[in-house]
Amino acid sequence: MSRLAILLITAALLSASPAGRAQDSPPLPSLFLSSEFYDGLLQKVSKATLAAGQRSVLGKAGPPPLTTNRDGMTETLTANLYYAPSDGISRTLRQQIVSKVIGLDPVQQPLVREAFAGATIWQQFEQLLAGSGYNSRNIADVMAAYYVSAWEIVNLRSATPSDSRAARDRIAWSLKRSPEIMFMSDAEKQRSAESLGIITAVSATGSRSLLQRNDAKTYAMLQERVNQSFLQQGVDMKQLSLGRYGFVAR
Numbered sequence: 000m001s002r003l004a005i006l007l008i009t010a011a012l013l014s015a016s017p018a019g020r021a022q023d024s025p026p027l028p029s030l031f032l033s034s035e036f037y038d039g040l041l042q043k044v045s046k047a048t049l050a051a052g053q054r055s056v057l058g059k060a061g062p063p064p065l066t067t068n069r070d071g072m073t074e075t076l077t078a079n080l081y082y083a084p085s086d087g088i089s090r091t092l093r094q095q096i097v098s099k100v101i102g103l104d105p106v107q108q109p110l111v112r113e114a115f116a117g118a119t120i121w122q123q124f125e126q127l128l129a130g131s132g133y134n135s136r137n138i139a140d141v142m143a144a145y146y147v148s149a150w151e152i153v154n155l156r157s158a159t160p161s162d163s164r165a166a167r168d169r170i171a172w173s174l175k176r177s178p179e180i181m182f183m184s185d186a187e188k189q190r191s192a193e194s195l196g197i198i199t200a201v202s203a204t205g206s207r208s209l210l211q212r213n214d215a216k217t218y219a220m221l222q223e224r225v226n227q228s229f230l231q232q233g234v235d236m237k238q239l240s241l242g243r244y245g246f247v248a249r
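The opening position of the sequence shown corresponds to residue 0 in our numbering, with each subsequent residue numbered one higher.
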């Protein structure tokens, strides 16, 4: 029996515990295997946000931060990472996603429409964030969940709370000092955050479902699809470790 199969069986047994069942969520459509799903949503994320996230996990230097002089002292300006959400933006985003992915799998059309008709997708993401102490209205928290969840899926590992916080702190530091983020509107932050949140919710829920079913073959396909999505952004999740300093190259 392969190492992957053994790990999947172990994870499935853990997921079958009473505590695991209490955390189960309604099923989401299996869009996690669709490159069109990932690519379509990433197109709605600002390039500045993705670039700042990439710099934070790869340890790259970003553009010089903006500064100001006050009372003879030089101060570094920082971006506000929180945004005030608009229901209209959320509805429009979900409608755009449905129109793009509804034809990918005719059998799942009712499930796709149901998941995106209301706030089911976003509620699933907020449940995911709640366990890490992240705030869904903070773009750095959302991006941290996006990266950490993907790292867990690709490497079949569970991040500790302290490791998740370390990853979040580095990402927040990078985004705060990104001049592009400073000039983003609330609407731009919301579209980026909710797009990343939906990707994370669908892939994480799919991962949990596959582990519970002990479906090693499809889980390997999910790992490849998620890693390919990040490779297109210049990040190889297989080559990253996650620890007290956040993400570091192996």
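Keep in mind the hints are simulated off the structure, nothing from the lab.
Where is the CB? At the ideal position from N, CA and C, for every residue including glycine.
One or more hints might be untrue.
Straight line, CA to CA, 16 Å or less: simulated EDC-like cross-link-like pairs of lysine to aspartate or glutamate [said to hold, decoys possible]:
id	residue 1	residue 2
1	Lys175	Asp162
2	Lys46	Glu151
3	Lys46	Glu179
4	Lys237	Glu151
5	Lys99	Asp185
6	Lys43	Glu187
7	Lys175	Glu113
8	Lys237	Glu223
9	Lys99	Asp38
10	Lys59	Asp214
11	Lys43	Asp185
Pair ranges (Cβ atoms, derived) [unchecked claim]:
id	residue 1	residue 2	range
12	Asn213	Ala83	40 to 46 Å
13	Ala116	Thr217	24 to 30 Å
14	Lys46	Asn154	32 to 38 Å
15	Ser161	Thr75	24 to 30 Å
16	Asn213	Arg69	57 to 63 Å
17	Leu65	Gly102	19 to 25 Å
18	Ala116	Tyr244	40 to 46 Å
19	Pro63	Glu125	42 to 48 Å
20	Trp172	Ala116	21 to 27 Å
21	Met181	Asn213	45 to 51 Å
22	Gln107	Asn79	35 to 41 Å
23	Pro160	Gln231	48 to 54 Å
- Item | Numbers of the earlier hints that this structure fails to satisfy, in rising order | Per hint list: 1, 2, 5, 7, 10, 14, 17, 19, 20, 23 violated.
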